[in-house]
Amino acid sequence: MGKPKARVNPEKCLGCGGCVAICPKDAILLLTNGYASVDEEKCISCYLCVRYCPIGAIEGE
Amino acid sequence: METMEYDVAIVGAGPAGCVTALYAAKEGLKVAILEKDKEVGIPVLCGEGISKKVDQLGIIERGKWIENEVIGARIFSPNGTIVKLSSEKAGGETGYVIDREVFDKELARLAIKEGAELFLRCEATGLIRRDGEIVGVEAALSGERIGIEAKVIVGADGVESRVGKWAGINTTLKSKDIVSCFEYTLSGIECNKDYCDFFVGKTLAPGGYIWVFPKSEDVANIGIGILASYSKPGLAKELLDRFIEKHKEYKKGKPIRILTGAAPVSEPVESVKENILLVGDAARHTDPLTGGGIMHALIGGRIAGETIAKSLNEGDLGILQEYEEGWKREFGKKLKRNYMMKEIASGFDDKTFDMLADSVKDINFEEFSTLGLVKALVTKHPSLLMKLKPLIGIR
Chain A
1 MGKPKARVNP EKCLGCGGCV AICPKDAILL LTNGYASVDE EKCISCYLCV RYCPIGAIEG
61 E
Chain B
1 METMEYDVAI VGAGPAGCVT ALYAAKEGLK VAILEKDKEV GIPVLCGEGI SKKVDQLGII
61 ERGKWIENEV IGARIFSPNG TIVKLSSEKA GGETGYVIDR EVFDKELARL AIKEGAELFL
121 RCEATGLIRR DGEIVGVEAA LSGERIGIEA KVIVGADGVE SRVGKWAGIN TTLKSKDIVS
181 CFEYTLSGIE CNKDYCDFFV GKTLAPGGYI WVFPKSEDVA NIGIGILASY SKPGLAKELL
241 DRFIEKHKEY KKGKPIRILT GAAPVSEPVE SVKENILLVG DAARHTDPLT GGGIMHALIG
301 GRIAGETIAK SLNEGDLGIL QEYEEGWKRE FGKKLKRNYM MKEIASGFDD KTFDMLADSV
361 KDINFEEFST LGLVKALVTK HPSLLMKLKP LIGIR
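Chains A and B are the protein sequences, given in the same order.
Per our numbering, the first sequence starts with residue 1, numbered consecutively.
Per our numbering, the second sequence starts with residue 1, numbered consecutively.
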């Protein structure tokens with residue numbers, strides 16, 4: 001149980017990396033193919049990245 | 001795992017990384033630049049405005065990367081009051097509107113010309129440690145694991161920097177210290193080619209601003225940055241679309257490029273730890289007030305490259321500390337002052353911006369001084385003085 005983990009929509013993400021910089025758990029990586037990806041093991045569902053995203057490409061809440 | 005040996009391994013081929021490489025290679029060092037993407041300069045993550053002071057640095061010559069030259073900046077307050085600044089006074093972010101793809105590739109060319117080696121599709125994945133010391137970078141080169149052993153490692157890996165974290169430097173940005181950006185290159189618009197325009201206001205762009213940087217009469221980089229602490233999912237795009245919708249000269253345009261971006265607007269982090277250096281956005285050298293980072297990336301990169309060369313040529317890693325002293329001398333005070341200004345200005349409401357614009361709109365900015373600003377405020381809007389009090393006395 002618990003809150004859902006943050007999920008990046010690779011179809012929307014433009015790879016700016018802001019979510020990587022804001023993540024307090026270092027749970028997000030910018031992949032070489034140009035979009036971000038969340039490590040579910042590390043994600044604490046704080047949703048800072050969800051709120052940060054300029055185009056709403058990360059879901060969670 | 002294949003292992004290669006270098007003097008310096010630089011993670012990231014943006015302006016800061018390439019300039020560090022250029023100056024380290026110039027002094028005879030063997031330099032590797034690791035770039036995770038398949039092409040230097042792409043994706044662009046930038047408003048593409050830079051000060052003409054770049055010419056005086058002597059790092060990069062004028063060239064095709066300059067798309068337009070403006071005479072100044074116009075700041076529009078929420079009620080439409082315009083404050084005009086000559087480009088010398090506009091925070092160093094205007095003068096040239098540039099093509100970052102071409103600009104970054106030119107810097108990479110210069111670094112390569114001095115002997116630096118560039119690896120594309122090469123993603124740094126961690127540091128190599130031996131007997132408690134950092135001896136290199138682990139990477140995936142087109143998916144193949146490789147090791148790049150180096151005496152000094154430079155994190156030039158941008159806002160999303162991980163090199164610092166691996167070395168134990170806390171580079172995580174708080175919401176109040178990072179800006180969420182969205183931008184279009186709009187074609188088929190009408191704009192004034194002579195000015196870079198900035199639109200401020202808490203409603204329009206909370207904690208940030210909207211910019212219109214003209215590339216020609218009918219093309220501009222139009223974008224928004226909002227402070228992450230005021231952000232909601234997709235808000236930056238929503239606010240920019242609303243702005244464009246309201247301006248008929250922009251509304252008729254069509255995007256030829258869409259970009260997202262992130263700018264650190266924090267205080268700088270520890271930039272040297274053992275044999276690790278951070279440069280550019282990774283070191284949080286971006287101007288916290290404007291979000292502009294290119295000039296500091298170039299200046300800091302050169303100091304880093306020269307310091308690394310001095311350190312390795314003299315065989316004393318202790319010399320690396322001179323890098324931190326060097327960039328602080330060049331722009332440390334400015335970062336400190338503008339961080340304070342950002343902390344204050346990000347709380348301004350629309351009325352405060354209007355009063356501020358009204359106070360300063362007639363100041364001749366060629367003779368701008370803190371005292372002049374204070375005088376104008378006392379005369380026109382004394383209530384603003386309290387808000388700006390923390391800044392007075394800082395130069």
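Hints may contain errors.
[As the list claims (entries may be wrong)] As a list, the in silico DSBU-like pairs of lysine-lysine whose alpha-carbon atoms are at most 35 Å apart:
no., chain 1, residue 1, chain 2, residue 2
1, B, Lys333, A, Lys12
2, A, Lys42, B, Lys174
3, A, Lys25, B, Lys251
4, A, Lys12, B, Lys215
5, B, Lys53, A, Lys5
6, B, Lys333, A, Lys25
7, A, Lys25, B, Lys254
8, B, Lys333, A, Lys3
9, B, Lys165, A, Lys25
10, A, Lys3, B, Lys254
11, B, Lys251, A, Lys12
12, A, Lys42, B, Lys254
13, A, Lys5, B, Lys38
14, A, Lys25, B, Lys215
[As the list claims (entries may be wrong)] Derived list of chain B stretches under chain A, where covered just means 3 residues or more per stretch with a C-beta under 8 Å from a C-beta of chain A:
no., stretch
15, 9-17
16, 34-47
17, 55-66
18, 376-384
[As the list claims (entries may be wrong)] Beyond 12 Å from chain B on every Cβ pair, some chain A residues (computed):
no., residue
19, Lys3
20, Lys5
21, Glu41
22, Gly60
Think of the hints as simulated: they come from the structure by calculation, not from any bench.
Even for Gly, the Cβ is constructed at its ideal location relative to N, Cα and C.
Here is how each hint holds up against the structure:
A C-alpha spacing of about 39 Å is found between lysine 333/B and lysine 12/A, which places the hinted pair above 35 Å, so the restraint is violated. Restraint check: the Cα-Cα separation between lysine 42/A and lysine 174/B comes to about 18 Å, which is no more than 35 Å; the hinted pair holds. Between lysine 25/A and lysine 251/B the alpha-carbon distance is near 41 Å, which puts this suggested pair outside the 35 Å criterion. A distance of roughly 27 Å separates the Cα atoms of lysine 12/A and lysine 215/B; the hinted pair therefore holds under the 35 Å criterion.
Taking the CA atoms of lysine 53/B and lysine 5/A, the gap is near 46 Å; set against the 35 Å cutoff, the hint is violated. For the given pair, lysine 333/B sits about 31 Å from lysine 25/A by alpha-carbon distance, which is consistent with the 35 Å threshold. As the CA atoms of lysine 25/A and lysine 254/B are separated by approximately 39 Å, the hinted pair breaks the 35 Å bound. Distance hint between lysine 333/B and lysine 3/A is unfulfilled; the C-alpha atoms sit about 43 Å from each other, more than 35 Å.
Under the criterion of a C-alpha separation no larger than 35 Å, the hint pairing lysine 165/B with lysine 25/A is consistent with the structure, at around 11 Å. With a C-alpha separation of about 40 Å, the suggested pair lysine 3/A and lysine 254/B falls outside the 35 Å cut-off, and the hint is violated. Between the alpha carbons of lysine 251/B and lysine 12/A the distance comes to roughly 23 Å, so the proposed pair stays at or under 35 Å and holds. As the CA atoms of lysine 42/A and lysine 254/B are separated by approximately 40 Å, the hinted pair breaks the 35 Å bound.
A hinted pair counts as satisfied when its Cα atoms are at most 35 Å apart, and lysine 5/A with lysine 38/B qualifies at roughly 30 Å. For the hint linking lysine 25/A to lysine 215/B, the alpha-carbon distance of about 40 Å lies beyond 35 Å, and the restraint is violated. Coverage of a stretch by a chain is defined here by at least three residues with a beta carbon nearer than 8 Å to that chain's beta carbons; for the stretch 9-17 of chain B and chain A the count is 0, and the condition is violated. Under a criterion of three residues with beta carbons nearer than 8 Å to beta carbons of chain A, the stated coverage of the stretch 34-47 of chain B is upheld, 5 such residues being counted.
Only residues whose beta carbon comes within less than 8 Å of a beta carbon in chain A count, and the stretch 55-66 of chain B has 0; fewer than three means the coverage is violated. Requiring three or more residues with a Cβ within less than 8 Å of a Cβ of chain A, the coverage given for the stretch 376-384 of chain B is violated, as only 0 such residues are present. Every C-beta of chain B lies more than 12 Å from that of lysine 3/A, the closest at about 15 Å, which supports listing it as non-interface. Once the 12 Å rule is applied to beta carbons, lysine 5/A is consistent with being away from chain B; the minimum gap is 15 Å.
Non-interface call for glutamate 41/A relative to chain B: holds, since the shortest CB-CB distance, roughly 17 Å, exceeds 12 Å. Here glycine 60/A does not stay apart from chain B, with its beta-carbon only about 9 Å from theirs, under the 12 Å limit.
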